[in-house]
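S.K.: Assemble the whole structure, with the sequences as input and the hints as a guide.
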Amino acid sequence: MPIRIGFVGTGGIAGMHMNNLRQIEGVELVGFYDIVRERAEQWAQQFGGTAYGDYRTMLDKADLDAVYVCVPPHAHGAELEVAKAGLPLFV
1 MPIRIGFVGT
11 GGIAGMHMNN
21 LRQIEGVELV
31 GFYDIVRERA
41 EQWAQQFGGT
51 AYGDYRTMLD
61 KADLDAVYVC
71 VPPHAHGAEL
81 EVAKAGLPLF
91 V
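Numbering (my numbering), first residue to last: 1 to 91.
Calculated from the structure, these hints are not laboratory results.
Bear in mind that the values here come from a model prediction, so they are computed numbers and not experimental data.
We put the beta carbon where it would ideally sit given N, CA and C, even for glycine.
Some hints here could point you the wrong way.
What follows is a set of in silico ranges between Cβ atoms, one per label pair, in the way DEER data are often shown [what the hints assert, rightly or not]:
1. A83 x G48: 24 to 30 Å
2. A66 x Q42: 18 to 24 Å
3. I13 x E81: 28 to 34 Å
4. E25 x D54: 26 to 32 Å
5. P72 x E25: 27 to 33 Å
6. K84 x E38: 27 to 33 Å
7. G26 x D54: 24 to 30 Å
8. H74 x E25: 33 to 39 Å
9. M1 x E38: 19 to 25 Å
10. R37 x G77: 14 to 20 Å
11. Q45 x A83: 27 to 33 Å
M.R.: This is how it looks when you write it as structure tokens:
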């Protein structure tokens, strides 16, 4: 069974994590949220996942096993929602 991972923030550091994770057998990158929707859509297209306009929607609909939060220090806040969803969190 694959491990399904979502991303809150899809900028530079997220790209590094995605490129490393895609090399691990059994990992699927399936959900992408970014304040710049087009950036999330580009990653979703590359990995065959879904881009979301709101990270809460991604948490509700993407059937995730874990979430990476890759945002600048001033943009944090999604972590509490991820924890409330009971998902492992990588920051």
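S.K.: None of the hints should be skipped; say for each whether it holds.
M.R.: Structure-based check of each hint:
no.	hint	result
1	A83 x G48: 24 to 30 Å	27 Å, holds
2	A66 x Q42: 18 to 24 Å	21 Å, holds
3	I13 x E81: 28 to 34 Å	20 Å, violated
4	E25 x D54: 26 to 32 Å	31 Å, holds
5	P72 x E25: 27 to 33 Å	32 Å, holds
6	K84 x E38: 27 to 33 Å	28 Å, holds
7	G26 x D54: 24 to 30 Å	28 Å, holds
8	H74 x E25: 33 to 39 Å	36 Å, holds
9	M1 x E38: 19 to 25 Å	32 Å, violated
10	R37 x G77: 14 to 20 Å	18 Å, holds
11	Q45 x A83: 27 to 33 Å	29 Å, holds
Against the hints set out earlier in the document, violations occur for numbers 3 and 9.
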